[in-house]
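*Asks:* Here is what each chain is made of, one letter per residue.
There are 2 protein chains.
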Amino acid sequence: MLLVLRLGHRRKRDARVSTHCGLVARAFGADGIIFSGEKDEALLESIRKVNEKWGNGFKASYEKNWRKVIKEFDGKVVHLTMYGVDFREKIKELKKEKNILVVIGAEKVPAEVYELADFNLSVTNQPHSEIAALAVFLENLTGLKKKFSGKLEIIPSPKGKKVIKKE
Amino acid sequence: MLLVLRLGHRRKRDARVSTHCGLVARAFGADGIIFSGEKDEALLESIRKVNEKWGNGFKASYEKNWRKVIKEFDGKVVHLTMYGVDFREKIKELKKEKNILVVIGAEKVPAEVYELADFNLSVTNQPHSEIAALAVFLENLTGLKKKFSGKLEIIPSPKGKKVIKKE
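Line by line, the protein sequences give chains A and B. Note that my numbering has the first sequence beginning at 1, numbered continuously upward. Note that my numbering has the second sequence beginning at 1, numbered continuously upward.
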């Protein structure tokens with residue numbers, strides 16, 4: 001099981017960034033994303049709709065108590081942070097794990113998260129984007145091998161757009 | 001030269017997503033980002049500030065005429081789109097190029113972009129995030145080798161935060 005936990009969601013400010021996190025988690029092979037912070041039904045719904053159209057059983061859910069999610073997770077907890085160790089040093093080791101929870105923050109991540117995580121890993125030590133960190137980490141972890149089978153399917157094309165609709 | 005062109009920026013709606021694009025371009029080794037769409041001084045300023053603190057000569061600029069940027073670029077133009085061919089099929093070839101312009105869109109990308117680009121490449125054929133697509137493509141292209149030397153520098157750490165301040 002590969003899950004993502006997104007901390008500190010704020011309904012107004014983070015709507016789009018958190019949606020991107022959810023869609024990246026899905027497209028890059030995670031089984032689900034758990035949002036913490038402010039509860040946001042519209043956010044969950046937007047990700048569910050993409051899943052309905054584009055396929056496969058990705059789950060988006062909300063959990064107020066993020067500590068519980070981390071503490072009860074039966075596997076390795078990987079916190080992505082610009083302060084951490086280069087993710088490439090640990091990726092081989094992590095590929096052998098069955099269950100991984102990837103934790104990504106919003107503005108301020110509580111110090112406790114650094115302690116609770118099994119690994120604090122960085123995708124560069126420069127400030128950029130939790131979406132980017134999640135994407136690069138998951139791409140390296142999963143190799144983008146997940147197959148999707150939805151109502152919509154793209155035929156990769158060197159020019160233009162080719163989409164198949166199945167109903 | 002490795003540049004990023006971000007199309008169709010909208011001041012209100014895209015402020016944060018475009019900022020993430022700029023910071024990813026910088027952290028992942030590009031030399032600059034050109035924003036098109038609505039002019040947004042605050043966006044340029046926020047990226048310049050990060051560069052000032054964290055180092056190296058990354059350039060964020062605005063250009064209304066995106067067609068001109070693409071047409072006059074002396075190198076290969078890579079448009080990242082979910083409709084394109086798997087980027088992994090072309091990455092070896094692109095690593096040999098000296099000058100690359102990576103084009104990423106906002107909501108709707110004009111059909112013309114697909115024609116003007118030398119390559120239309122996808123990072124999965126699923127809907128997700130232009131930030132994620134940019135990050136994964138650049139990581140594969142550059143190997144995250146760029147060194148930064150700024151007023152702030154992080155010492156990678158397995159727990160907590162270690163930052164050196166140089167003034």
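These aren't lab readings, by the way, just hints derived from the structure by calculation. Some clues are possibly wrong.
Straight line, CA to CA, 20 Å or less: simulated DMTMM-like cross-link-like pairs of lysine to aspartate or glutamate [claimed, not checked]:
1) Lys108(A) with Asp40(A)
2) Lys159(A) with Glu107(B)
3) Lys161(A) with Glu153(B)
4) Lys146(A) with Asp40(A)
5) Lys145(B) with Glu89(A)
6) Lys159(B) with Glu89(A)
7) Lys159(A) with Glu93(B)
8) Lys162(B) with Glu38(A)
9) Lys145(A) with Glu93(A)
10) Lys162(A) with Asp118(B)
11) Lys146(A) with Glu153(B)
12) Lys146(B) with Glu89(A)
13) Lys162(B) with Asp86(A)
14) Lys159(B) with Asp118(A)
15) Lys108(B) with Glu153(A)
16) Lys59(A) with Asp86(A)
17) Lys64(B) with Asp74(B)
18) Lys161(B) with Glu153(A)
19) Lys159(A) with Glu115(B)
20) Lys71(A) with Glu41(A)
21) Lys76(B) with Asp31(B)
22) Lys145(A) with Asp86(B)
23) Lys59(B) with Asp74(B)
24) Lys162(B) with Glu52(A)
25) Lys49(A) with Glu153(A)
26) Lys53(B) with Asp31(B)
27) Lys53(B) with Glu107(A)
28) Lys151(B) with Glu167(B)
29) Lys96(A) with Glu112(A)
30) Lys145(B) with Asp40(A)
31) Lys108(A) with Glu153(B)
32) Lys159(A) with Asp118(B)
33) Lys159(B) with Glu112(A)
34) Lys147(A) with Glu89(B)
Predicted model, so just to flag it, every value in this text is computed and none were measured.
*Asks:* Which of the stated hints cannot be reconciled with the structure, identified by number in ascending sequence?
*Replies:* Violated: hints 3, 4, 8, 11, 16, 18, 20, 24, 29, 30.
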